[in-house]
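Go ahead and model the full structure; you've got the sequences and the hints to work with.
First residue of the sequence shown? That's 779 in the working numbering, and the numbers climb one at a time after it.
In short, the hints are calculated from the structure, not lab data.
Backbone N, C-alpha and C define an ideal beta-carbon position, used for all residues, glycine too.
One or more of the hints may lead you astray.
[What the hints assert, rightly or not] Using C-beta positions, here's what the derived DEER-type ranges look like:
#1 ASP880 <-> ALA904: 17 to 27 Å
#2 ARG862 <-> GLU807: 31 to 41 Å
#3 LYS859 <-> ALA795: 37 to 47 Å
#4 SER849 <-> ALA793: 30 to 40 Å
[Claimed, not checked] Here are the simulated BS3-like pairs of lysine-lysine, each with C-alpha atoms no more than 25 Å apart in a straight line:
#5 LYS819 <-> LYS803
#6 LYS803 <-> LYS843
#7 LYS859 <-> LYS819
#8 LYS881 <-> LYS843
#9 LYS859 <-> LYS843
#10 LYS819 <-> LYS843
#11 LYS881 <-> LYS859
#12 LYS803 <-> LYS859
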Amino acid sequence: MVRGLGASMTDLNLAAALITHEGVKALAEALPRLRRLSFSKCSGVDDRALQHLYSLLCLRRLHLKHCRNISDIAVRQLAEKLPRLQHVELNGSWGVAMQTIDKLYGKPNAEWRRLEDVARAEELAAEGRGGNTEDAGLDVALRSLW
Numbered sequence: 779m780v781r782g783l784g785a786s787m788t789d790l791n792l793a794a795a796l797i798t799h800e801g802v803k804a805l806a807e808a809l810p811r812l813r814r815l816s817f818s819k820c821s822g823v824d825d826r827a828l829q830h831l832y833s834l835l836c837l838r839r840l841h842l843k844h845c846r847n848i849s850d851i852a853v854r855q856l857a858e859k860l861p862r863l864q865h866v867e868l869n870g871s872w873g874v875a876m877q878t879i880d881k882l883y884g885k886p887n888a889e890w891r892r893l894e895d896v897a898r899a900e901e902l903a904a905e906g907r908g909g910n911t912e913d914a915g916l917d918v919a920l921r922s923l924w
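Written out as structure tokens, the structure is:
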């Protein structure tokens, strides 16, 4: 790693990387100011790996799309340990139940949703059958920024 980089790096995309909980631990120790982090399609990211993220107090956005080795318990603990975490993408992370996501969505400023559910909410809003159009539109805008 480049000397001094850890002190200033705020965004990191490790989509489809071969990383284990040991790698996540090293990353969390070296990059304490991360605000946005993607582990999408990282099969080595599991509950133990998520525990190493507890020290990333600046973390706001976390992508865990298609991380199939994470559980409800790990995601709930992550929410408790990182109160500033605002956006978590869990599309394809089938170990996390919708009931857990619904419960976490009640956190202030939080977006804990799977993309399929956002798409369905947008469809319902377009049909005038529910959903909050503003929330759905905001989520689409946020996804385009990532």
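Indices of hints not satisfied (ascending) = When the structure is compared with the hints, numbers 2, 3, 4 turn out to be violated.
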